[in-house]
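So the protein sequences, as listed, match chains H, R, F, D and X.
In terms of the working numbering, the first sequence opens at residue 1 and continues consecutively.
In terms of the working numbering, the second sequence opens at residue 1 and continues consecutively.
In terms of the working numbering, the third sequence opens at residue 1 and continues consecutively.
In terms of the working numbering, the fourth sequence opens at residue 1 and continues consecutively.
In terms of the working numbering, the fifth sequence opens at residue 1 and continues consecutively.
In short, the hints are calculated from the structure, not lab data.
Predicted model only: the values in this text are computed from it and were never measured.
Heads up, the beta-carbon is just placed ideally off N, CA and C, and yes, glycines get one too.
Do not rely on the hints blindly, as some may be mistaken.
To be verified - Below are the DSSO-like pairs computed for lysine-lysine, each with C-alpha atoms no more than 30 Å apart in a straight line: (1) 307/X / 109/X; (2) 56/R / 144/F; (3) 36/X / 307/X; (4) 188/X / 146/D; (5) 78/F / 332/D; (6) 80/R / 110/R.
Claimed, not checked - Partial list, derived from the structure: chain H residues whose beta carbon lies under 8 Å from chain R: (7) 75; (8) 79; (9) 151; (10) 162; (11) 163; (12) 171; (13) 178; (14) 180; (15) 184.
Stated by the list, open to error - Here are some chain R residues the structure puts well away from chain F; computed CB gaps all over 12 Å: (16) 41; (17) 72; (18) 153; (19) 158.
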Amino acid sequence: MQTVFSIAVDALAYGMVLFVISIGLSVTMGLMRVVNLAHGAFAMIGGYIASYAARDLGLGYGVAVIAAVVGTVIIAIPVERFLYRRIYGAPELTQVLMTIGITFCIIGIANYVFGPTLKTIPLPSGLQGSADLGFRTIPVHRLFAILCGLAVAGGLWYAIERTSFGVKLRASVDNASMAAALGVRTEIIYALSFAVAVGLAAFGGVVGAELLPVEPYYALRYMVTFLVVVSVGGAGSIPGALIACLLLGGIDTTGRYLMPEFGEFFFYLAVIAIICIFPRGLAGRTK
Amino acid sequence: MPATPLEVENLSAGYGPTRVLEGISFSVPSGARLAVLGRNGMGKTTLLATLAGQTKRYDGTIRIGGADVTAMPSASRARKGLGYVPQARCIFPTLTVEENLFVGLKGRPKSALEEAYGMFPRLKERRRNLGNQLSGGEQQMLSTARTILGRPSVLLLDEPLEGLAPVICEELMAAFAELAKTGDMTILLVEQRIQSALDFADHVIVLERGRLAWAGTPKALSDDHAAVERLLGVGGLH
Amino acid sequence: MNAVFEVANLKKSFGGLAVTNDVSLSMAPGDRVALIGPNGAGKTTFVNLVTGNLQPDSGDVRLAGETVTKVGANGRVKRGLVRSFQVTRLFLEMTSAEHVALAILQRQGRTGRMFGNFLAMPDVMDEVSELLSTLGIAHLMHRKVNEIAYGQQRLLEIAVAMALRPKVLLLDEPAAGVPQSDTGRIEQALADLPADLAVLMIEHDMDLVFRFAKRVVVLAAGTIIFDGSPADVTKDARVREAYLGSYANASHAA
Amino acid sequence: MAAVMNTEAGVSASARPHRSLGRDAAGAVAILIVAVIGYFLFPDNLALLTRIVAVALLVLSLDLVTGYCGVATLGHAALFGSGAYAAGILSAHYGINDPLLMTLAGIAGGAVAGLISGVIILRGHGLPQLVLSIALIHLFHEFANKASSWTGGSDGLSGISADPILGYFEFDLYGHTAYVFAIVLLLIVFVLLRLIVRSPFGMLCRGIKEDPLRIKAMGASPKAALMKMYVISGAVAGVGGALNAITTQVVGLDSLSFTLSAESLVMLVLGGTGSLFGGLSGTVIFMLFEDYVSAANPFHWLTMVGALLIAVVLFAPKGLYGSAAAFFNRRKEAGQ
Amino acid sequence: DTIKVGVVGPFSGPFALQGKNFKAGIDAYMAINGNKVGDNTVEVIYRDLPAADPAQSKALAQELVVKEKVQYLAGFYFTPDAMAVTPILKQANTPLVIMNAATSAIVTKSPLVVRTSFTTWQTSTPIAKVAHDAGVSKVISVVSDYGPGVDAENAFKAAFEKEGGQVVEAIRMPLSTNDFSPIMQRIKDSGAQGVFAFLPSGPTTLGFVKAYNENGLKAAGIKFFAPGDLTQESDLPALGDAALGIQTTFHYAVSHDSPENKAFVEAAAKAIGSKAELSFPAVGAYDGMNVIYKMIEATGGKQDAAKAVEAVKGLTWVSPRGPVSIDPESRHITQNIYLREVTKADDGTYYNKEVQTFEKQGDPGLAAAK
Ligand SMILES: Nc1ncnc2c1ncn2[C@@H]1O[C@H](COP(=O)(O)OP(=O)(O)OP(=O)(O)O)[C@@H](O)[C@H]1O
Ligand SMILES: Nc1ncnc2c1ncn2[C@@H]1O[C@H](COP(=O)(O)OP(=O)(O)OP(=O)(O)O)[C@@H](O)[C@H]1O
Ligand SMILES: [Mg+2]
Ligand SMILES: [Mg+2]
């Protein structure tokens, strides 16, 4: 029984970390309809900035997180202006080509500038160590990630479903020229949403760095994982992504405990099963 | 005397390399109701779309309320008071009816939605439905209501009656006439049912292969049997 | 009466809203039926149910006596039940000729063929040109659909349906978006259809309805409220109020 | 008026088939010419050229389902790898080293993998479909990793050898035989595919790509057609896999990898989807470019590849071949 | 004459660091020994192979031989890549000097293969004795599910059982595992006193070691044994305190105290840019170059693979890692294996401190296969 609880806690923590890192992708992919394979690259940039701020400059963790988010957004602004703006509404495969190209470039540059070694982001003492749950201990930073995940999920859901910004964003995506004909400044809406998505990527990259450490190949190494959880959840749906992360996190964790040698099989069979039952993802928006 | 709501000079436009419109010029006085007629594929939709800033313009100028909007993107023209109801309806499929209307509000308070519901009670019943779940006629109502909510000073209507029940058509045409009269709204109407259009309008232009082939009053057009036969191809039908 | 097409007690609701409410209808070969009704009455839904694009909650669809409720949409087409779409559904990147040729080849069961090009099949090409010129869009034969005006697309939509040589043809607002000058072509095309074909047409253009239909069915709020001759329908008070408005008073030369 | 236009249309209709037949022949000749040029341009690098042909077969096969049927997949290497392993296992475990038999085994292996992939991938649409394909390729990969007694696991399947073709042409270090063999396979596949994509079946598939529901309303079953195409695609990829196994004499897990799948998709889009030449030119250009920059700077060439991809999207959004073809078509139209 | 050496390795992609170390080792060797052997000038040509891809490997090797006319092939980080090249060596008349790929069987595929790195069997065997000496009798083995992982598991198991210990459970986990908490739970539940682990160097190592600490295994006194891939020097700064005290056996530590190593580290650190990035592939490459130089010397610059390989059989020299020799029969390197413990230096950096030496270790993997 204790083991069951213990696995459940691990699954929750793992799922939430996945959620924090990939939710930004749900925004770009589901709401802006850009298959943004460079999501991981932006998360990685965030990680590098945070690592540089906290480790090399000795700034505090909080400052490092803010620097990472702001810095990544600043880097992303010209990228959005000159590259992404060209592929909004383009066929998915064209978007794949462009964003893979961007990813390659960012990897190459990161490798050149920071070298191929792992970069860590030192945690503040408050997040180090483990918390005692009674039946087991859990690293404090994972609790922190769970909280961050919940906060992000709530905030984002509100912004998308309840604010006029959210309505205008969804309208622009459905039919940009019609939205424009109704007076919506789609370019600004897009740029803002992209900034939010990239900011979330950077934030997730930093918060999740304990689990997915920052190194140049990060951008490609976890690309598939992000893509899978977002699509299984139903791109663009915050609750969907949350459920998918918890579900897949749970299956992955349990599978890895019970039969580690078949871990991959469990995970991907579950993915296939879920999509066969929910062909548009768990909470897919109908197109 | 307010500035002329819409002036078009020597407009040429099209899609990519294909030119569809050629040297179109006309202007519409305030509160006017202009019918744009023409046979299949003659460029009516292209004309309205170009005015709304949605197709490629090669040449010419467009002025709204005296201001040159030729270089402006679609959204800015809308903010200058241009309203466009496209032929394809362009409902936002993943938004609910209410959210669709909300986009058209242009910053007016949410309570203004009631205006739309007053015009089309059917929409109120369906207000939580997603756009792509609506029937053809309901989509048409939504598209029209959405644009009117923004209180445009120039309203471009591309076949707004398509797919609507006869009762609704009558009510809607009456409502448009009312808007033009009291709402200080200038209306351009593209319509296939020539009689409805002529009943409604006080000016008519006819397009023929992308060029302005005829301009005048409805009465003059009705009397000009040759032109009707040649340009609209319906002479023999009645 | 030997019905080629029959629906019995068809029901469908979307989340509590009963859109089709116990609808029964049958058509004999050669029938020309107009289905009219207010917007949102459930006409398109009815067609979707009948063609298999939607699954009914209950009720049956029969074609020439055979129950096809469990048959997929394509299976029903093979059995002779063909529809057109209210909002055109065409292949934007394909030419008009390809659309019609595809329908012809499908009808002939030749779409599985992996060799040979339809452009080199004279029988197919002749039929394609013939159909397209009947509808007056032969000059658009090799134009891609995304380059032709909406009204022309509407005509092509009908050409595709006719190319399938149906036994029962369901037309969902075929004339919507087609200019008055060209509705004549549609009428002509309909008139040229084989006499034993059963046609059901949804249309809001009453002039067309009255010229075309020998029988009018009125659907309101998912229920059939009238089924009778065109002459009687204008006299029905409920139909006048719910649908026709002042049109009923206007003189129409039918 | 309609009658006049009709005759015009009739003329152009009868003119078309000849042109398309001519273009088919010209296509095959063009490939042959490029192959000969390649032979003389890179006489010392035939191994690379042979590998390009193998990958080109994979990309062509991907084009069949992605470009012609609209199925987005990031798991197409499953078909290629299955072909490669089928050919490899035939040789390494059963001692059957005849290249033609190995190719047949590859075709069979690829077709079976195509069938399995089709059954699974066609259950989703859009993004979920993409994810199904990702899941699938990982399962294939894991399976091959686990079945190491058959596949050699992560160490790769070695011990493959290939007899001389028809008992006469031996595979040599310089790769002459391998290259000629590869080009012959490519030509055969190309001509067959050319016929298929222009056939009524090919037209049906293009229709499915645009609107499967409309196809249903025309009485055809999209699913059945797609399955058929998937099997054909598997056979084509299988030829590529077998070619790879025969000429390199090892099969690694990478031939069943996500990376190879993703790369082949990139090459296809780079060249232009929905045309066979798009797939071919994308592969050739991508692989030569990659070979060149990675030799020039083995450490930082990835950035260059990334820049190439971005540049293509910016300046040739329909892919290199697709955009060039569109450009010339427009020129021609303007000229007429 | 110019004698060309073609080096294939992962110079970009996820293993770029290892490839960089290849180059650092080669550069260091040539910086110290010059680029001339007799009258011949040695030129190194690099080809990138970012991940295991035997077909590409073979194409590259063929290109190097046919087009670039290299006389020696060298490098190779992954086993399947090396395996793919062995069939062409004879016809190409080139020796293959393996600078990393660590599966025992490669040397049996062609008599022209010489290896100057190590095998997983070689480095994983001595740790069994270490475990036994530490009083541990029940161990759980946890490895990544791929060739080297399986090798490590088998090597450890064979050796540990010979010592009289028991491997209570052997877990193989997918290479792509990121979250090791459930594995740690398994380890806890197994009741073992120690864990033997093998993962490829890189981010997963970091996750594994952190999970070991954070899930309280370290605190519970479960001992950690592994071959040195797990604590390669370039990962130590990231691992930080989490790695302190971990004992690994390996053929080389950057901290090895000898004049040869001092010179090597200085030259290699200069080549790679920062000492922190230096790790074991560099020394494999360094010694690989040494072997190639000897071959060139023996053949006088003529292309004669058989003679070249013959010349280095039994060759003995002092490498930066310590005294080594090429076993004449297997053509694999015989070397000392060191037990090292991760320690914090006075300047706050971490290093592998050598605490015990197992001298003149051959490759037990080949014997096991027979
Ligand atoms: N996207 C496009 N690309 C190229 N040509 C186009 C495009 N859209 C329309 N056309 C062409 O432009 C011409 C005018 O089209 P338009 O839609 O403006 O006609 P219309 O008068 O509105 O016709 P309808 O009454 O059918 O709606 C047509 O001949 C059509 O073929
Ligand atoms: N998927 C759905 N979910 C919920 N409601 C739906 C769905 N599809 C249709 N409806 C509703 O069912 C009703 C009937 O729609 P239908 O399209 O059948 O109307 P119609 O009679 O064809 O109207 P029109 O003449 O306007 O085309 C409409 O009110 C529509 O909003
Ligand atoms: Mg129009
Ligand atoms: Mg309808």
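Structure-based check of all given hints:
1. 307/X / 109/X: holds, 18 Å
2. 56/R / 144/F: Roughly 19 Å separates the two Cα atoms, so the pair holds.
3. 36/X / 307/X: holds, 20 Å
4. 188/X / 146/D: holds, 26 Å
5. 78/F / 332/D: It is violated: about 41 Å lies between the C-alpha atoms, which goes past 30 Å.
6. 80/R / 110/R: holds, 21 Å
7. 75: Nearest chain R Cβ about 27 Å off; hint violated.
8. 79: Status violated, d = 22 Å.
9. 151: Nearest chain R Cβ about 26 Å off; hint violated.
10. 162: violated, 11 Å
11. 163: violated, 11 Å
12. 171: Holds. Min distance 4 Å.
13. 178: Nearest chain R Cβ about 4 Å off; hint holds.
14. 180: holds, 4 Å
15. 184: holds, 6 Å
16. 41: Given that some Cβ of chain F is not farther than 12 Å from that of residue 41/R, nearest at about 4 Å, it is violated.
17. 72: The claim stands: residue 72/R keeps its Cβ more than 12 Å from every Cβ of chain F (closest is about 26 Å).
18. 153: About 27 Å separates residue 153/R from the closest Cβ of chain F, which puts it past 12 Å; holds.
19. 158: Per Cβ check, residue 158/R is inside 12 Å of chain F; nearest 9 Å; violated.
Of the hints listed earlier, those the structure fails to meet are numbers 5, 7, 8, 9, 10, 11, 16 and 19, in rising order.
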